[in-house]
Amino acid sequence: MKYLPLILACWLFSPIYGQTKLPIIKARSTNVAINDGGFLDKNAWVLSPEAKPDVYTANRSTKPKWVTFYTDIDSIRVKLKPGTKFNFIILLNEKDTCYTQIVSSKSAGGRIRPGENTHDTIPFTLTPHNAIQVEAIINHRDTLNLHFDLGSLDFRLTKVAILEKTKLLSNQPDALVGKTQPDFNKLAKVTSLQIGNLVWDNPNVQAANNAAHEMDGRFGWRVFDGKVVEIDYDKNQLIVHNKFVGRKKGYEKSAIKFIQSLFCIEATIQIDNKNYSGDFLFDTGSNLAMILDSTWMSVQNFPENLKILKRSSLSDGAGRKYETTIVVVPSLSVSGFVLNNITTSKLGFKSPVGFQMNYFGNDLLKRFNVIIDLKNDNIYLKPNKLMYLPYKDAL
Numbered sequence: 004m005k006y007l008p009l010i011l012a013c014w015l016f017s018p019i020y021g022q023t024k025l026p027i028i029k030a031r032s033t034n035v036a037i038n039d040g041g042f043l044d045k046n047a048w049v050l051s052p053e054a055k056p057d058v059y060t061a062n063r064s065t066k067p068k069w070v071t072f073y074t075d076i077d078s079i080r081v082k083l084k085p086g087t088k089f090n091f092i093i094l095l096n097e098k099d100t101c102y103t104q105i106v107s108s109k110s111a112g113g114r115i116r117p118g119e120n121t122h123d124t125i126p127f128t129l130t131p132h133n134a135i136q137v138e139a140i141i142n143h144r145d146t147l148n149l150h151f152d153l154g155s156l157d158f159r160l161t162k163v164a165i166l167e168k169t170k171l172l173s174n175q176p177d178a179l180v181g182k183t184q185p186d187f188n189k190l191a192k193v194t195s196l197q198i199g200n201l202v203w204d205n206p207n208v209q210a211a212n213n214a215a216h217e218m219d220g221r222f223g224w225r226v227f228d229g230k231v232v233e234i235d236y237d238k239n240q241l242i243v244h245n246k247f248v249g250r251k252k253g254y255e256k257s258a259i260k261f262i263q264s265l266f267c268i269e270a271t272i273q274i275d276n277k278n279y280s281g282d283f284l285f286d287t288g289s290n291l292a293m294i295l296d297s298t299w300m301s302v303q304n305f306p307e308n309l310k311i312l313k314r315s316s317l318s319d320g321a322g323r324k325y326e327t328t329i330v331v332v333p334s335l336s337v338s339g340f341v342l343n344n345i346t347t348s349k350l351g352f353k354s355p356v357g358f359q360m361n362y363f364g365n366d367l368l369k370r371f372n373v374i375i376d377l378k379n380d381n382i383y384l385k386p387n388k389l390m391y392l393p394y395k396d397a398l
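Residue numbering for the sequence shown follows our numbering, starting at 4 and increasing by one per position.
Think of the hints as simulated: they come from the structure by calculation, not from any bench.
Watch out, some of these pointers could steer you wrong.
[To be verified] No more than 30 Å apart at the CA atoms, straight line, and that leaves these computed lysine-lysine pairs for DSS-like:
#1 Lys277 <-> Lys256
#2 Lys277 <-> Lys395
#3 Lys252 <-> Lys378
#4 Lys29 <-> Lys68
#5 Lys385 <-> Lys277
#6 Lys395 <-> Lys349
#7 Lys378 <-> Lys395
#8 Lys395 <-> Lys385
#9 Lys66 <-> Lys84
#10 Lys88 <-> Lys98
#11 Lys260 <-> Lys324
#12 Lys189 <-> Lys88
#13 Lys55 <-> Lys88
#14 Lys388 <-> Lys251
#15 Lys88 <-> Lys24
#16 Lys313 <-> Lys277
#17 Lys55 <-> Lys45
#18 Lys260 <-> Lys238
#19 Lys189 <-> Lys168
#20 Lys162 <-> Lys395
#21 Lys349 <-> Lys260
#22 Lys310 <-> Lys251
#23 Lys68 <-> Lys84
#24 Lys252 <-> Lys238
#25 Lys260 <-> Lys385
#26 Lys82 <-> Lys55
#27 Lys238 <-> Lys251
#28 Lys378 <-> Lys88
#29 Lys24 <-> Lys45
With these hints in hand, go ahead and build the complete structure from the sequences.
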C-alpha cells in the first residue's frame, strides 16, 4: 500500500498475519530472486505493493527447509516448516510497502468437503487423445469436461470454456456481448466445484490458454494433497482414499520427487548397454509418450544416432509451440518395469521450465495403473491391459 505509515500499516494488518512485529527488508528494484530449498531462481518474483498480502507458495516439501528472498540491496532467510507460513514487509524505494507472505505448498485454495466415505470413486473416460476426462460442476450450475493432469497443480479452465460454458464472466456484461475484451483475472467467484461426490469449497480456479484436446480445463495433483489417489485404467476409475490402503499385489513402489512443485519420478533409459538416468515429469495431461530435455541430453552425452520417425511440434499449457524430433528409444526402466521401443520427442531447444526436465506423457503412463500416496510422497505402478498397445506416433 503506497504512502501508508509503516507503524500504522503493521497495526492494521496484524490480524492478517498474526505476527506481533513484521521483519522488514528494503528494495530499490521490483525484481526479487528466491532460493527455495536450494533451488535459486533469479527471476522468481516481482513486487506488488497493491497486494495485501502478496503470497509466494513455496515448493512442496515434507521436511523443514530454508527459503531466501533476495532484493537488489537486501535479503531475508526463513526456515519454513510444512503447513506453516511466514510474513514480512519489503519496503520498495523507501515508500511502497509490500506485504509479503511465504506459505508452504498446499492444496488448491479450497479444501475437499469432508464426507462419510473413506474413499470416493470417480468414473473417467480415456479419450482418443489420452486425456483422463471427468465431469465437473461449477457453482452447482456449469457442467464442464476437465482432465486430470499430474503435470499441473490446481484447477484451470480454458478461456474459451469460461466464455462459452460458464457464468464466471457475469460480472463483465460488456465482455459477454463483445463490446470489450474479457478480463480473465477478474472472474466471478467459484464457491464450489464438484467432481463425482467430492466437493471443493472456494477453490482457486484460474484461466488458462489450453487444455487437452476438446477439454474445458484441467486439475492437478495438489487438489488431492494429503490424499491417496488411484488411477485404474482397467476399470476407468479414479479412486480417492483418505488414507493409504496398503500395497496391492503386482504394484512396485517408487518415491515421488517434487522439483519446483512438479510431480516427478526417476527413470533410466538403456541404449547399447549404457544407462541414462534422470528425472521425468509425470505428465498425464500430455498425449505423447516421452519427451527428452535438450540440456539433459547434452549433459548425458545422449546418442544422436537413434532412428528418426519424423519431425514435429508440440504445445505447452501456455500455447507456446516447440519444434521436436521424433525418435525411437529402445528401452526404458521405470519402477523396475521395462518398456521397449518408445516413440520419443527430442527437444531441440532449452526447456521452457528453465531447468533440466524430461517428461512422461499419458501415451506411456496409461500403460500403468497407479496409486499416488500424497501423504507419504510415494507412487506405486502396475502394468495394465494397455501395456502393449502401439505408441501413437508409431502407428
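Okay, the hints, checked on the actual structure:
Taken as a hint, the Lys277 and Lys256 pair is honoured in the structure, with Cα atoms around 24 Å apart against an allowance of 30 Å. The straight-line distance between the Cα atoms of Lys277 and Lys395 is roughly 26 Å, inside the 30 Å bound, and the hint therefore holds. For the hint linking Lys252 to Lys378, the alpha-carbon distance of about 20 Å falls within 30 Å, and the restraint holds. Among the hinted pairs, Lys29 with Lys68 is consistent with the structure: their alpha-carbon atoms are about 23 Å apart, no more than 30 Å.
Restraint check for Lys385 and Lys277: the C-alpha separation of about 25 Å stays at or below 30 Å, so the hint holds. For the hint linking Lys395 to Lys349, the alpha-carbon distance of about 16 Å falls within 30 Å, and the restraint holds. Between Lys378 and Lys395, the direct Cα distance comes to roughly 34 Å. Violation of the 30 Å bound is thereby established for this hinted pair. A distance of roughly 21 Å separates the Cα atoms of Lys395 and Lys385; the hinted pair therefore holds under the 30 Å criterion.
At roughly 7 Å between alpha-carbon atoms, Lys66 and Lys84 fall within 30 Å of each other, so this suggested pair holds. With a C-alpha separation of about 25 Å, the suggested pairing of Lys88 with Lys98 holds against the 30 Å cut-off. Among the hinted pairs, Lys260 with Lys324 is consistent with the structure: their alpha-carbon atoms are about 27 Å apart, no more than 30 Å. Note on Lys189 and Lys88: the hinted pairing holds, with a Cα-Cα distance of about 26 Å set against a maximum of 30 Å.
As the CA atoms of Lys55 and Lys88 are separated by approximately 15 Å, the hinted pair is consistent with the 30 Å bound. Using a Cα cut-off of 30 Å, the hinted pair Lys388 and Lys251 holds, with the two alpha carbons roughly 17 Å apart. At roughly 15 Å between alpha-carbon atoms, Lys88 and Lys24 fall within 30 Å of each other, so this suggested pair holds. Restraint check: the Cα-Cα separation between Lys313 and Lys277 comes to about 25 Å, which is no more than 30 Å; the hinted pair holds.
The straight-line distance between the Cα atoms of Lys55 and Lys45 is roughly 23 Å, inside the 30 Å bound, and the hint therefore holds. A C-alpha spacing of about 27 Å is found between Lys260 and Lys238, which places the hinted pair at or below 30 Å, so the restraint holds. Under the criterion of a C-alpha separation no larger than 30 Å, the hint pairing Lys189 with Lys168 is consistent with the structure, at around 17 Å. Between Lys162 and Lys395 the CA atoms are separated by roughly 28 Å; this keeps the pair inside 30 Å, and the hint holds.
For the proposed pair Lys349 and Lys260, the alpha carbon gap of about 22 Å is at most 30 Å, so the pair holds. Distance restraint check for Lys310 and Lys251: the Cα-Cα separation of roughly 38 Å exceeds the 30 Å cut-off, and the hinted pair is therefore not satisfied. In summary, the hint linking Lys68 to Lys84 is supported, as the alpha carbons are separated by about 7 Å, within the 30 Å threshold. Among the hinted pairs, Lys252 with Lys238 is consistent with the structure: their alpha-carbon atoms are about 16 Å apart, no more than 30 Å.
Distance check on the hinted pair: Lys260 and Lys385 sit about 19 Å apart at the alpha-carbon level, within 30 Å; holds. Only pairs whose Cα atoms come within 30 Å are accepted, and Lys82 paired with Lys55 is accepted, the gap being roughly 22 Å. Between Lys238 and Lys251 the alpha-carbon distance is near 16 Å, which keeps this suggested pair within the 30 Å criterion. Restraint check for Lys378 and Lys88: the C-alpha separation of about 20 Å stays at or below 30 Å, so the hint holds.
For the hint pairing Lys24 with Lys45, the CA-to-CA distance comes to about 28 Å; that is within 30 Å, so the pair holds.
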